[in-house]
Structures are given as C-alpha cells and as structure tokens.
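Undergrad: One letter stands for each residue in the lines below.
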Amino acid sequence: MATSGNKNINAKLVLLGDVGAGKSSLVLRFVKDQFVEFQESTIGAAFFSQTLAVNDATVKFEIWDTAGQERYHSLAPMYYRGAAAAIIVFDITNQASFERAKKWVQELQAQGNPNMVMALAGNKADLLDARKVSAEEAETYAQENSLFFMETSAKTATNVKDIFYEIAKRLPRVQPTENPTGMVLPSGQAATAVNSSCCA
Amino acid sequence: MSMEASELQDLSDDADYAASQQQGSASMMRCDSEKRSSSSEHEGAELIYTKDNVAIHPTQFASERISGRLKLTKQDSVLFLSWIPYKGEIPNAKLSDKDRSLYTITAVPFTEVRSIKRHTPALGWQYIIVVLSSGLAFAPLYFYSGGVREFLAIVKQHVFLARSAEDTNVLLVNDFQSPLQRTLSSLELPSSLPVASGQSTYPSDGGGSSNDNRISILSQYGLRKQKSHDPTRDLSIHLLEKFSLVTKFARETTTQLFSENNGFGSIDKRRNNQPVHSYPEKLSNIAEEKHHESSHSYPETDRLDNEEISNDIDVPADPLEFNNLSLVWGKPRQSPMGREEFTAFLDSEGRVVDSKALRKRVFYGGIEHQLRTEVWPFLLGYHAYDSTYAEREYHRSVKKKEYEDLKLQWKSISAEQAKRFTKYRERKGLIDKDVVRTDRAFEYYEGDDNLNVNIMRDILLTYSFYNFDLGYCQGMSDYLSPIMFVMEDESESFWCFVALMERLGPNFNRDQNGMHTQLFALSKLVELLDTPLHNYFKQNDCLNYFFCFRWILIQFKREFEYEKTMLLWEVLWTHYLSEHFHLYVCVAILKRCRSKIMGDQMDFDTLLKFINELSGHIDLDSTVRDAEALCICAGENGAASIPPGTPPSLPLDDGILYPQDDDIL
Numbered sequence: 001m002a003t004s005g006n007k008n009i010n011a012k013l014v015l016l017g018d019v020g021a022g023k024s025s026l027v028l029r030f031v032k033d034q035f036v037e038f039q040e041s042t043i044g045a046a047f048f049s050q051t052l053a054v055n056d057a058t059v060k061f062e063i064w065d066t067a068g069q070e071r072y073h074s075l076a077p078m079y080y081r082g083a084a085a086a087i088i089v090f091d092i093t094n095q096a097s098f099e100r101a102k103k104w105v106q107e108l109q110a111q112g113n114p115n116m117v118m119a120l121a122g123n124k125a126d127l128l129d130a131r132k133v134s135a136e137e138a139e140t141y142a143q144e145n146s147l148f149f150m151e152t153s154a155k156t157a158t159n160v161k162d163i164f165y166e167i168a169k170r171l172p173r174v175q176p177t178e179n180p181t182g183m184v185l186p187s188g189q190a191a192t193a194v195n196s197s198c199c200a
Numbered sequence: 001m002s003m004e005a006s007e008l009q010d011l012s013d014d015a016d017y018a019a020s021q022q023q024g025s026a027s028m029m030r031c032d033s034e035k036r037s038s039s040s041e042h043e044g045a046e047l048i049y050t051k052d053n054v055a056i057h058p059t060q061f062a063s064e065r066i067s068g069r070l071k072l073t074k075q076d077s078v079l080f081l082s083w084i085p086y087k088g089e090i091p092n093a094k095l096s097d098k099d100r101s102l103y104t105i106t107a108v109p110f111t112e113v114r115s116i117k118r119h120t121p122a123l124g125w126q127y128i129i130v131v132l133s134s135g136l137a138f139a140p141l142y143f144y145s146g147g148v149r150e151f152l153a154i155v156k157q158h159v160f161l162a163r164s165a166e167d168t169n170v171l172l173v174n175d176f177q178s179p180l181q182r183t184l185s186s187l188e189l190p191s192s193l194p195v196a197s198g199q200s201t202y203p204s205d206g207g208g209s210s211n212d213n214r215i216s217i218l219s220q221y222g223l224r225k226q227k228s229h230d231p232t233r234d235l236s237i238h239l240l241e242k243f244s245l246v247t248k249f250a251r252e253t254t255t256q257l258f259s260e261n262n263g264f265g266s267i268d269k270r271r272n273n274q275p276v277h278s279y280p281e282k283l284s285n286i287a288e289e290k291h292h293e294s295s296h297s298y299p300e301t302d303r304l305d306n307e308e309i310s311n312d313i314d315v316p317a318d319p320l321e322f323n324n325l326s327l328v329w330g331k332p333r334q335s336p337m338g339r340e341e342f343t344a345f346l347d348s349e350g351r352v353v354d355s356k357a358l359r360k361r362v363f364y365g366g367i368e369h370q371l372r373t374e375v376w377p378f379l380l381g382y383h384a385y386d387s388t389y390a391e392r393e394y395h396r397s398v399k400k401k402e403y404e405d406l407k408l409q410w411k412s413i414s415a416e417q418a419k420r421f422t423k424y425r426e427r428k429g430l431i432d433k434d435v436v437r438t439d440r441a442f443e444y445y446e447g448d449d450n451l452n453v454n455i456m457r458d459i460l461l462t463y464s465f466y467n468f469d470l471g472y473c474q475g476m477s478d479y480l481s482p483i484m485f486v487m488e489d490e491s492e493s494f495w496c497f498v499a500l501m502e503r504l505g506p507n508f509n510r511d512q513n514g515m516h517t518q519l520f521a522l523s524k525l526v527e528l529l530d531t532p533l534h535n536y537f538k539q540n541d542c543l544n545y546f547f548c549f550r551w552i553l554i555q556f557k558r559e560f561e562y563e564k565t566m567l568l569w570e571v572l573w574t575h576y577l578s579e580h581f582h583l584y585v586c587v588a589i590l591k592r593c594r595s596k597i598m599g600d601q602m603d604f605d606t607l608l609k610f611i612n613e614l615s616g617h618i619d620l621d622s623t624v625r626d627a628e629a630l631c632i633c634a635g636e637n638g639a640a641s642i643p644p645g646t647p648p649s650l651p652l653d654d655g656i657l658y659p660q661d662d663d664i665l
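Chains as they are written, first to last, in the numbering used here: chain A, 1 to 200; chain B, 1 to 665.
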C-alpha cells in the first residue's frame, strides 16, 4: 500500500476518552513536550499540529483534542469525521474510563472511517500503585478489536512519542480511491499518485 | 488582477465625474450671480464658493437623501458655511419640508467650527463632517460630484486649517494651540488620496482630545424618527447610527464586489496596506445605476423600519478602514466604580434608586474589586435592586439555611447508599476531577489541600442536587471560580451561581440547544456587521461558528486573565446595551482578526487553532469599546438577529427547563 513517492502525509487524528483520562496532557507532551499537573478541562475542542518523520515519509498530524464529558458527545462526530487515526485514551487508575474507552471504540467502528488507525492508550502509567486496569486486560481487548495498545504517561513522557510514531507507521501511504472523502491526504504531487493507483 | 496605484486613483475620480454628469451639474462654480440670488438670507455677503449635489443621507434609503447646495460666503472677513436643500426637486412624499429644513445649515461662521473630518475614499462618494466648537456635528455632507479637496483648498485660503496629529483626515479649524499639529499647507493634501485615506485610521485606543470629541459629538440634526421605546438611545447614538450606515453601505458594496468576483481577490492588496479598489469599472457602473435609483425610485419601505440595509453604493473602500471607522466610537472605558460612587446610588435604607444608572456605570467602567461582593448579587439577580439593607441581610440568612439543607441532601448519602447510586457517584467523580484543575495557578485556589477547592466541590455538588436535571457540566467550575473569589462565602457563592445559571444553564443543556442558538445568533450578527467575513465563513464551511464555542460557553473565561474576566463579566451582566452583549464581543474580536483570518485563508481547523491561541492576547478595553460600537451600530437589526429566548435571556416559560436525554450525567 505504501508507495515511495509519498514523502509528505497530512493525517487527521482525534483524541477521545473519558473526562480526566489525560487526552490534553498527551497532546501537550507530544506537541510541546510539556506537562501541567492540573491541566484544565478542554472546552469544546482544541486543535494542534505536529510533524513526525517516519521512515520514508513525513507525517504531519493534525490533532483534535476533544472534551471528555458525555454531555459533549454529540459534538464528537464533527471531530472524528474524516479522521485517519484516533487515540482512545483511558486512565489506568480508573476502571470506568476503560469502559468508556470501549464505548468509543464501538462508536468509531460503527461510525468512523473503516481504515482508521486506532490506538488505545492506557494513560497515567506512572501511577502504578493506583492501577485499576491491568495491562493484560487492555491488551486483550485491543487485540480483539484490532487496535494497538500502549501504556503511556504524559507526566513522565513514557511512550507518548512512541504511540504517535506507531500510528504514523501504520497509516496507509496511499489513500484508496474508493474513499474520496479521504482520511490520509497526501499533499503536493503525491495526489497524482493517489488517483493512478488503486488498492482496497 | 493587480493594478497600478495611479491608474486606480484616476478611475476613482472617473466614478465621481460619471456621477456628476449623471446629475447634469457642473462640479464647481464660483461667484455665480444666479446662485447668489438664492442666498437671500445673507445680505451683503461675498460668495466664495458653491457646490451643487452635496447631499445629506438622513436614513439609509436612497429615496430619502436630500440634495442641496453647499456654499461658502464671507462677511466682515468671517467665513460662513451654508447648505441649503433644493426646493421641490425631490419628488418624495415621505420627505417633508420639515425634514428638509431640519437639516438646513444656515450660515455657520467658521469661528464656531472646530474641525472638519474629510472622507475621500478611492471609490464612491466623498463626504465631510463639520464639527462645531460646541461638540455638535452636522450630518455628513456627501459630495456626489466629488471635490472635497477643492472645497478644503478654498476653506484653507480663508481660515487656518491644521491637520490633527491623531487623524490626518481631521482638519482642525483655527486651532493655534496644538504643538503637534502640522499645517495643511506644509503637508499639502496628497495627490494620492485613496492611499492616504486607506492608511489613515482613527487611533483605536483611548485618550486623546479628538477621541473625547467624538464621544461628545451630538448630532442636533439627527432627529430622524426613531422607535422611541428603546431606552438605550440618545442623541449621540443617532449620530453613531449615521456612521453605521456609512459602514453598512461600504460593507454591502464590498460584499457585492467580493461575490461578483467569487472570492477575495483583493486580499493581497489589503495585506499591502492598500485599500480595496480592484474593480473600479464594475463599481462605477453600480454607482451609476444606484444613482438612478436614488433619484427615481421610491421604495415602499416604512422609513421607521430600520431593518433593511440599503444596497446603495456609498463609500466603498477598504473594509478594514471601515472597521476602524465604526470601531472607534465606543466610549473610552472609565475607571472602576468605587464605594463612594456606589453609595450614591443607594437611598438611606440601601435600595438602589436607579438601577439602570448603576448598570450603565458598571457597563462603562466595571467595579472596584472590594465592591464586587456587594454589586454582583444585584447584577446576577440574587438580590433585588429595590431591597433594603435589612431585607438583604434577612434574605442572606434565609438562603444560608436553605443552602445548608440542600447540601445535607448529598452530605447524608452514606457509603452504602452511594454504592447503589451511580448517578451520584458519577457526578461526584466528574466534579472531583474538575475542581482540582480549575484555576489552580490562581492564588485563591493554589496549593495542596486548598480549602477553596473543597468548597468549590461542595457548591457544585449541591448545585447538581438543586438542579438535578441539569446536573454538573464541564465549564460550570469556570463560572463558579470567580464568583467564589468575589463572594468569599459558600452560601452566597452558591446562590449567585444559581442566579447566573438561571440565565446560562442552557449553555450546558444536553441537546446543546442553548449553545446552538447563540452560535446561530452570532452568525446572524456577523452577517449583519461584517458581510464579507460572513461570506468567507460560508465559503469555508465555518458557518457553524464552533470555533467560538469556548468563548460563548464560559463567556471568555479562558480568554482573559482573571481580573479582566471579572471585569468583562460584570460588563456583560449589566445587560445595559443588550442582554447579548457577549455576542457583540465575539463579533468585535472576529472583526479585529478578519484580515488575518481571510488573508491567511484559514480553514475551520486553522481557524479553531487560531481562535484558541488568541487566549491571553485580546485587549479587553478596546474589544469592549468595539463591541459597544457594534452593538449600537447594529441597533434593532442586531436585536432582531437574535432569536427570542437565546441565552442569557431568561428562558421562555414553557415548562421543562432542561430537556433530558437518555443519559444523565
């Protein structure tokens, strides 16, 4: 699927997950390499971009960070529509946040882009003493649902860059022509390659 | 696409000349004996200058424009200015002789003129505004045939004109005092007027004498019929409206240009600080057409009805310039109201005698911090303005008891009960997560085991029982934080928060309806007040205005520093000019960024990022002033753009306040 011609890829990525799971903190760590102990809640949505170099290509992530509260759920499709990738975040110290993550996975499987690269992030991995969700449980769930799973810590920066890097690697290099609303948008001359090549 | 500047100037003149020929009038006449006979009112005066087709626009309707003749006469070495409407030339039944005479300017000596503001856009009609020493101003005089430059040149031969240091388009008359002034002759009026007018703008910040002048300017001739029930209007507002019309004309024109060219071809020019004048040919055609209309068509529209924006071309130019024109009219901000001043609003028993005056005062300057604890409860509606000291004291004690009872409802939930009470656990969990990250960098909430954080949690949890249907929603803690900081009392904070939520609760509705109505109203206001920007949003799929979601949801709490937020909130809560002043604040900020937004061709994502990153970079005072001017400019059109019941209006009384969906959290 990947073609060597595509050097620059723009990929829309959305972060979903329960309130206080650490979505904004993950983004902040990834984009600005910062961590704030009491990161304020996200109102509406926030948008960031960050570029990663992966093997043969440069991936520019356009990241949507969303509000976690169920009440703002109705806004979520606006943000995950057209996303090439999603990170579903839960808090390993909070079982309910894991349950909520599963609901997000279901919703994306039902409503989202079928080619979406989905990652499950068990955040706050530094709080081992307070762990409520075992890595095995999350890993099993991820495998059953074709996601990849990583435990992350925005606080210590553990696995933060890695999870984005892993997503970047998994992004299809060529956008299937059947899907013109397209999630991965090769930029520049690469667009020509998109039209001429076809793969499902 | 791009044109040489010199070419453009010439074309702009052409537009004027075309218009003048349309009217079949000579552009300038001097010492015409025939004309002199008509100036019977001024015996023995020497006629220095006359100019035909100089008009006043009392309303936005072309049919109601009054054309007339402008004259300069001299008697005993004093120069006089007159403007006499033509008699019987305007076949307009709606325009009474009374109206006509109302606007007549009879021989005003230049000794009484303080300044002349000229406006000479690249395209469209030039006008001047004559401001008297008394601070009064005449309605703008439109030179349909051009010639403002010549007019000023002739004035200059007889009186001392000096360019204002603050605004090169303001010419001070007989002002020998200002050390900053530069004489007109030393500068000469630039031959490239379009560029000059495009670059000169009002200072947008406060201070400066000409600024003060602008505020005090009243139009004694601005007595057009007005819906008098609107209490916010006064004479100065009438003048503002006149200016707003100018800007509306300009916007309409710009829109027309933009839409006809299917995009924003002129943006590049604007980035180079050039006025928009890319399509002069087109425009002069329009101008001619409209000119026809202005003399031959008589719209049926009720003149009282201010709803319609005329399509007529008037002063089309760089919309940026018009922003500046329309945006400098808000009053300079006052210093916050202090205790002494507040006490003067109270009678001996503590009633606020004139609540409107109090709200006005707060609107224009805010409140000293120590006083907020007394005034906020009024603004929020927790205390009635006509309550006495004693009544308020009693009210407080009753409410305190009531609060304690409400609090006890969740305090008494045992661990065993909580296990079986998912909704409670979920709400508590949500609140717990949010209070520890609300304004923790702010002194009042910082540090481990901060008591105020606990109080915040208690209040929010109590509120979620008081208003179980609405519950807790993210953003509420943002509202509560400053209220607690101001009230410094748990029960009082709670009840002030309750009062605020009576109006803003719909922001947090599950169906997002309160937010949608406000975003919709905002889109209507931008359409009204900045059509090109509206069209830009439309073309770029940004019409849902979700990029303003945070602004509206928590009334700019995340956009300003703490102290500024409190100031803005008390201004908003006065509901002085409008219950929906916050929407005008949105428009004001968007307008300030319009060239950036459109120039950078921002799409929705970029726009959202841009708007979020404005946080901490918005100047509050000038924004509020802009919003004030916009609110006044929009007038009833603005109010009509906002659907009834739009928060923070009190909800229409139709039963269920907070419609429930399946999932209550």
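What the hints contain is simulated information worked out from the structure, not anything from laboratory work.
C-beta: ideal position from N, C-alpha, C; glycine also.
Any given hint could turn out to be false.
[Claimed, not checked] Here are the simulated lysine to aspartate or glutamate pairs, EDC-like style, with alpha carbons at most 20 angstroms apart:
#	chain 1	residue 1	chain 2	residue 2
1	B	K407	B	D386
2	B	K433	B	E446
3	B	K423	A	D33
4	A	K102	A	E137
5	B	K609	A	E99
6	B	K428	A	E40
7	A	K132	B	E426
[Said to hold, decoys possible] So the derived list for chain A, only partly shown, Cβ under 10 angstroms to chain B, looks like this:
#	residue
8	D33
9	V36
10	L52
11	Y72
12	T158
13	P172
Undergrad: Which of the stated hints cannot be reconciled with the structure, identified by number in ascending sequence?
TA: Numbers 1, 3, 5, 8, 10, 12 and 13 - these are the hints that the structure violates, sorted from lowest upward.
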